[in-house]
Amino acid sequence: MTSPETASPEAAASSRAPLLRMRGIVKQFPGVRALDGVDLDVAAGEVHCLLGQNGAGKSTLIKVLAGAHRPDAGEIEWDGRVVAFGSPHAADQAGIATIHQELDLVPGLSVAENVVLGHEPARLGFTRPAGAEHIARALLARLGHPEIPPGREVGRLPAAGQQVVSLARALSRNARLIVMDEPSAVLDSEEVDNLFRVVRELTEAGVAVVYISHRLEEIRRIGDRVTVLKDGRTVARNLPARATPTAEVIRLMTGRAVEYALPPRGPRPSGDVVLEVAGLGRRGEFADVSFTVKAGEIVGLAGLVGSGRSEILETVYGARRASAGTVRVRGRALRPASVPAAVRAGLGLCPEERKSQGLLLAEPVYRNVSLPVLGRFARAGFVKADAERASVRAATEALDVRPADPARPVRTLSGGNQQKVVLARWLLTGCSVLLLDEPTRGVDVGARGEIYALVRRLAEQGVAVVLVSSDVPEVLGLADRVLVLRDGRVVHEAPGGELDEARVLDLVMEGSRDERA
Amino acid sequence: MSVRDAIVSRAVPGEPAPRKARLAGLLDTSVGRNLGLVGVLAVLCVIGVSTADTFATTANLLIIMTSASIIGVLTVGVTMVIIGGGIDLSVGKVMALASVWSTTVATQSYGPVVMILCALAVGAGAGLVNGLLIAYGRIVPFIVTLAMLISAQGLAEQISGKRSQIVTDPTIAAIASTRLLGIPLLVYLFALVVVIGWVVLNRTTFGRRTFAIGGNPEAARLAGLDVRRHTVLLYVVSGLCCGIAAIMITSLTTTGSSTHGTLYELDAIAAVIIGGTLLSGGRGTLVGSILGVLVFTTITNLFVLNNLASEVQNIAKGAIIVAAVLFQSRAQRTTP
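So the sequences go chain by chain: A and B. Following my numbering, the numbering of the first sequence begins with 22 at its first residue and continues without gaps. Following my numbering, the numbering of the second sequence begins with 118 at its first residue and continues without gaps.
To be clear, the hints were calculated from the coordinates, so they are not data collected in a lab. Remember, predicted model here, so these are calculated numbers, not experimental data. Just so you know, even glycine gets a beta-carbon here, dropped at the ideal spot from N, CA and C. One should not assume that every hint holds.
Covered stretches of chain A (in silico footprint by chain B; criterion: 3 or more residues with CB under 8 Å from a CB of chain B, positions within the stretch not fixed) [claimed, not checked]:
| no. | segment |
| --- | --- |
| 1 | 358 to 366 |
| 2 | 372 to 384 |
| 3 | 393 to 405 |
Every beta carbon over 10 Å from chain B, so not counted as near; a handful from chain A, in silico [to be verified]:
| no. | residue |
| --- | --- |
| 4 | R42 |
| 5 | V47 |
| 6 | E211 |
| 7 | E222 |
| 8 | T224 |
| 9 | L283 |
| 10 | V294 |
| 11 | F312 |
| 12 | A340 |
| 13 | S344 |
| 14 | E418 |
| 15 | L475 |
| 16 | S491 |
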């Protein structure tokens, strides 16, 4: 793989028969079209990079490829034959291995057991641990990690070690195509070098690698061709990885098919400082984060997954214990690591994972909304149902939660309305600091507009808002001030209006780990 | 109200729901499941009336109610713990420990009021230890309460020297023998605990938070609930129920003994399960659990009346647990 491919798919097809050809892949989820016509060509022996912002459809595409999702339309051609992978097992059998971002290892099993999981060397039905250890030892040595003991429990390895085991597992399958979803996110630069050496060995042996990373410099180092996804579509395919300028790549990734109705920005807020975060840090996650938020101000945190965005928010909220720094609300230090204290001080959090962290899905809307302030509707511990329902109804009506029946189980509501239920909760408490983590994830376009308008309205009423989102235009459009995060540190701070999407992406993507050292 | 909701929300507008789906929808709701248990109870009564002449007598029905009352009180506590996302395996032996502690010669010398307070304090204390280890020691409830079961048994044996301690105080003995309007006081006590438990679960902030914490502890925590403190309180409540049950069994047998309550925890948990409470927490009804207790006690009674061996009885109980859970999960699957 020396000569970079041309941008023309015809030329690629003529020079080399593609191992994998995906055409017009469509995947519809309730309320969102995750893939809307994706094309991908991967040739044997190449490193094919997949680029796109969060939500562009990369993860869904990999899941389709790995047999975890069935596409609603489109064609997958594997080794010259049209195929349909009905299950991850089928894809595995065909020779496609995937290293997912959230590692799918069994923490209680040993390194060797994980490596051979599903195809353990066995005789007459009895496993042969020595055989498994032998295989694992050979693969780990090949990956440059002979020091990882094959007998060690995987759960006790550091993240980078687990990544290596995951890679060894993919190698043990003798896969012909290996998908790597952000494999470098938990590795330091030396380990990245090792990873790249293995990737080159693999491609020299004719294995194809689909490589996903947000770090452009890595893509230049290891990649052959690039396919760019945006809003579930392929916007450019088979670009030469080394020769395409950064500006071009970023231009392809940005810009939106759908323009969200962002409410107009008001005058710059000039209220008192409500939230004061000083030198906040958590070992291994983020360090030295300081910022203040005035009443009526919206401060946005922009950064990639893993940059420490959500962790910062949860630490401010007391859901994680800070290893350094303080959080003050109206000048008074918050009791560390206590959510009840944070809520009493006027903080509210809309968590990142709405369903698992935010809601009691089986319970009705009103019980979800009143949860933090149930005591307010109670006398001597007895809940006054009428008062509770009336207050909840006022809050849900103010947010236009549909359907309007507060007795409905939350799980029957759409994503946008579920988010409004979480927001209604903090509207009801009358919080003075609102922490929003991915407030529009899984929310359809119409409800997005409503949530934006609501956040702005709350700010105008004097609430201090901290907004975290993977959606860069959302942060830029809503926030009065934006902090750009990379690898757990604030690398840039600017008023929202003075940054553009390309600049933010450049800041969060271009940095390599070496820079920090 | 919840029945109506379930049916209305599942019905496709303009198209009447098929009868089977409607039935399954009904069974999916807590009230529907409880109706199912009432049906089982009715069938058992029919069997009782047709196989034993003495079944339908007032005396026999009071026997059923009295024997249900002690496990019933334990079940109230266990139901709350399970709805709150935990489990309490220690209730039978904590009850035995409370009965032994409150009937030592020394305790008895202070009179009935101290004996009662002692039983309650021992129960609540054991619950407190359970709760603290689970909430702050972060040990899983299964292990903590299993350890409590074993050590409570040991402590009860040590205190009593493995002997039954006879209750000499007439007031304690009178609790079980007193009848009001022909019904034993124990049954009233049972009913009182159930009513209080129901009110706490369904009408108070404590109950609401119990459901929230059992249903999604992370969401409850991020909503600002003090999940750990609440967990401790839940086990204290369960321990208090053990203390009440200890007073009842001490009075009924006029002894305090380390052999009281053996395997009661399993009967209580089984009753909670067939009552439709999710073992994973967050969903369940106290009424279902109590119906579960009544089903079990009635079965025992039927076997005794018909002179059948207790071995067969246990086989039947096991089968009923499996049947009830199969039935419930089937009903849930047909209505996703």
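Evaluated hints:
1. Three residues within the 8 Å Cβ limit are the bar, and the segment 358 to 366 of chain A against chain B gives 5, so the coverage statement holds.
2. Counting residues of the segment 372 to 384 of chain A whose beta-carbon sits less than 8 Å from any beta-carbon of chain B gives 9, enough to reach three: the coverage restraint holds.
3. Requiring three or more residues with a Cβ within less than 8 Å of a Cβ of chain B, the coverage given for the segment 393 to 405 of chain A holds, as 7 such residues are present.
4. Here A:R42 stays apart from chain B, with its beta-carbon at least about 36 Å from theirs, past the 10 Å limit.
5. Distance check for A:V47 against chain B: the nearest CB is about 25 Å away, which clears 10 Å, and the non-interface claim stands.
6. The beta carbon of A:E211 is kept farther than 10 Å from every beta carbon of chain B, the shortest such distance being approximately 36 Å.
7. Every CB of chain B is more than 10 Å from the CB of A:E222 (nearest about 42 Å), matching its label as outside the interface.
8. No Cβ of chain B approaches the Cβ of A:T224 within 10 Å, the least distance being about 42 Å, so the stated non-interface status holds.
9. Residue-level check passed: A:L283 sits 27 Å from the nearest beta carbon of chain B, beyond 10 Å.
10. Interface exclusion of A:V294 from chain B stands, the closest Cβ pair being 23 Å apart, more than 10 Å.
11. The beta carbon of A:F312 sits about 21 Å from the closest Cβ of chain B, which is more than 10 Å, so the claim that it is off the interface holds.
12. Under the 10 Å C-beta cut-off, the non-interface status given to A:A340 relative to chain B is violated; the minimum distance is some 6 Å.
13. No beta-carbon of chain B comes within 10 Å of the beta-carbon of A:S344; the shortest separation is about 19 Å.
14. Distance check for A:E418 against chain B: the nearest CB is about 20 Å away, which clears 10 Å, and the non-interface claim stands.
15. Interface exclusion of A:L475 from chain B stands, the closest Cβ pair being 19 Å apart, more than 10 Å.
16. Every Cβ of chain B is farther than 10 Å from the Cβ of A:S491; the closest lies at roughly 20 Å, confirming the non-interface assignment.
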